[in-house]
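K.L.:
Each chain is listed here by its residues.
Protein chains: 2
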Amino acid sequence: MTNTELKTENLIAGEYTSGTGTPFHSVNPATGEDLSGDFRNAAEADVNRAMEGAAEAARRLRSIPPSERAGFLRTIAEEIEALGDTLVERATAETGLPAGRIQGERGRTCGQLRLFASVIEEGSWVDARIDRAIPDRQPLPKPDIRRMLMPLGPVVVFAASNFPLAFSTAGGDTASALAAGCPVVVKAHRAHPGTSSLVAGAIHRAAIRTSMPAGIFSHLHGPGSVIGIALVKHPLTEAVGFTGSRHAGMILHQTAAARPKPIPVFAEMGSINPVFLLGNTLAGDPQGLAAAYCQSVNLGVGQFCTNPGLLVAPQGSHLDAFEREAAKLFNETPKGTMLTGAIAKSYHEGLRDLEKSGVVRRLSNDGECEGAHACSALLATTAENFLKTELLHEEVFGPSSLIVSCRDRGEMMAVGEHLEGQLTATIHGTDKDLAEHCDLVDTLSTRVGRIIFNGWPTGVEVCPSMNHGGPFPASTDPRYTSVGTAAILRFARPISYQNWPSSALPPALRDENKGGITRMVDGVLTRD
Amino acid sequence: MTNTELKTENLIAGEYTSGTGTPFHSVNPATGEDLSGDFRNAAEADVNRAMEGAAEAARRLRSIPPSERAGFLRTIAEEIEALGDTLVERATAETGLPAGRIQGERGRTCGQLRLFASVIEEGSWVDARIDRAIPDRQPLPKPDIRRMLMPLGPVVVFAASNFPLAFSTAGGDTASALAAGCPVVVKAHRAHPGTSSLVAGAIHRAAIRTSMPAGIFSHLHGPGSVIGIALVKHPLTEAVGFTGSRHAGMILHQTAAARPKPIPVFAEMGSINPVFLLGNTLAGDPQGLAAAYCQSVNLGVGQFCTNPGLLVAPQGSHLDAFEREAAKLFNETPKGTMLTGAIAKSYHEGLRDLEKSGVVRRLSNDGECEGAHACSALLATTAENFLKTELLHEEVFGPSSLIVSCRDRGEMMAVGEHLEGQLTATIHGTDKDLAEHCDLVDTLSTRVGRIIFNGWPTGVEVCPSMNHGGPFPASTDPRYTSVGTAAILRFARPISYQNWPSSALPPALRDENKGGITRMVDGVLTRD
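Read top to bottom, the protein sequences are chains A and B. Counting in this note's numbering, the first sequence runs from 167 upward without gaps. Counting in this note's numbering, the second sequence runs from 167 upward without gaps.
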């Protein structure tokens, strides 16, 4: 096969296998046209084969050095890049996202794979800790104890629809799990099976080129309610990564919690990402703020987890002017194509529900949209109504945002206190405003994973300091990020070796520290 | 009140409050006598008051510097020591444990509190990460992002029966949660309410002396099935620490998983801690090994989570000799007093069930034990029987152990592969044996939290490298330890600050790094 040939089969531990049942195909959301490729669902027996392959690969991976795993990650990036325009065209056709966005996302995806390669080559991420023996300690000798992180084992990754590359088949979850030394079984997203299969092929070829065990990667098509649940329930699954809706995330969480052996589910379920405008912010540059707000809301047709769905500001003439300017910009925003017709339908229903609540004013025009197309929408309400209407606290996935006007600081604080867990919160103001609203900042800090000053929440940097996650319901486990190098920590657990002979220890724990990693030795961080 | 006066009330956010219902008292397990003190259960309204006090304290704690929290932890240790013999006598009377053990445990408890004080004073535990802005990066500017750990919020701690000080009211869970900046609500253990109340009084006085918010600590008596469940279900509870039985731990896990907002439950549920004797180990010093084995099994009347409940060895004349020697030593071990009559009853029932299985030989004599007294028991079976009898894989909490004889290495490997998750595994042999059994070592490493060479699992060092936890069912979350400085990580989560002005950042994230902590700056660990 050529590298860019579209395989419609399921990839199970290195082997392509035909699926079962009626074939399905993907649809171009921009045109409604069917796309090439008759995909077939995996059978439940395939789930078992994929997980058994992953367990066998997990065993073999434990004796493969991190440098070889790093080579595998880098080779995946190469193979994805080698797919060239074939991948861009397919992803564009399957998602309605423009080619430039797909190219950018491909760069991010490959950058992520290479970043994790460098993290595991450097090696300090294993949090090695060494406490040396004190044989003559009274009343009891102190033993030699050495601890490091080891991989959890097979990880199931659910591909997300809104980032068909960066949070899908070879996205952040897959890259961080493989980096940790865990085999990955991907449940492909039904909206972009072709994109997913092309990337799966890239991973497959990279595994062969770098002599990785075949079971290190499998790729299954099928409905989440059948194949997805079967993967989460499988006894060999050790962890689950997911980005998507709260509804689906909670089903996975509850399925895992009900297993005889519970496993962690890292579900990032989005949020409304409130933006607070403090003090006289709006008096400064209302035009500039409205333009940046409109751009952040409409980025990627509003399909970012960090989309600012809520803007909270003091009422008054400045806010009135801001609303007029923002409404104008929303009206000027061209119709966008959402990822699927179903998502667009759900977006429009969400808007209708908000309007039916009777407490929301529509500031932008009511456009006419069909199929997967969506018109951006700007809505407004008062803090009083926001506080008493739970519906307004729910995410409407798409290019809309709700402006909440507050009569005073007390109301603004009440809005902050009333929020559920969020991926982000943003504050606009001067340093002085910030100091004066330290109670609001403190309240927000307990409800969010990332807090932004004088910026916008969209745009999630991939770096060591990024936290993409947050208190429930933004994610099921706020102790972990799904973006940035710390994402690797989701897929590892500590093990201690007591009085272990040096030759039998993993290299990271031997006295000589050949890798030169940073370790905590007798309580002190050192590279010695 | 004098410091050593026994308070029988519940302590709720700094106030002593009478409980409800029929009073209960503790019993001296050694004599069966009732002990002084009419304790009363907390009411469900008390749960709410304790949690609301904790939430308010969590808010106030965020602006209290770590040095003051460290002072609080050290003052708790001082106040516990100031209880002097009153505490030792009460704990001895309530648990049947000898005074020397209680004194040792008090030293460990106070040492732990001081260790966590030094961890938070040093400050690097917050895992600070700073990525500085690159305003002219193409295609988009890189923002300034800074990340650190922050406290999760109110933590519920279930006191354990088997360590009335070190895993109870001011034990490892409480010390690490307070160190992280989380208020603690303790559900006192019914078997040692007096000990627990004395220690709660010490914490109460320490909170007053160091001006901590009143809600930083509450102490409630009551049945786990009522008060414990109400605490786990309470919407303000953010995490739960527990050490005890699998049955109780799983109820807490499932209760938490079914909450509208899920929270982590760190339940350490014990295990059978297998010991493998490789190669010709038994040919060397069978007497010495038998003595060390007998001592480890019977330490604290077998009531340690790391009690070696299973010994796996090659069959043959060496094992026969070892068994005879061990049986003699078990028979010479005096009857012990278990923590409660109920625990002793459950121990004897567990032994009876093993014997009823028909596949177990009793090597030690069948002693006669009544009340809370227990006779140590040595049992034996074959690997073949072990592999096909699930009952033999379950922990029998108390001074017993089961010897599993293997016909060959294949059987020994099969036993290893058949094990559930364990806190520990131990291997005895030469370095050469270890190298020859690398497959067994590899298998065990995936099933345990700590792996010991030529030693015994009892004795859990409190240090940075300790891992006390392990794959399910040893614990509900193998990613965390409940002993050692890393235990603090259970009660924290990351938050990122983006483009935040320096003056508004937490001190750990400011450029100047006044605390001199180790941070990851632009990907490199440094104290600058």
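Source of the hints: derived by calculation from the structure; they are not laboratory data. Here the structure is a predicted model, which is why all the values come from computation and not from measurement. A few of these clues could be false.
Remember, identical chains collapse to one label, so a pair may be satisfied in a single copy or spanning two.
Below, a list of computed lysine to aspartate or glutamate pairs in the DMTMM-like style, where the Cα atoms sit at most 20 Å apart [as the list claims (entries may be wrong)]:
hint	residue 1	residue 2
1	K427	E586
2	K173	E247
3	K598	D574
4	K427	E583
5	K427	E556
6	K511	E287
7	K427	E560
K.L.:
What hint numbers does the structure not satisfy?
P.N.:
6
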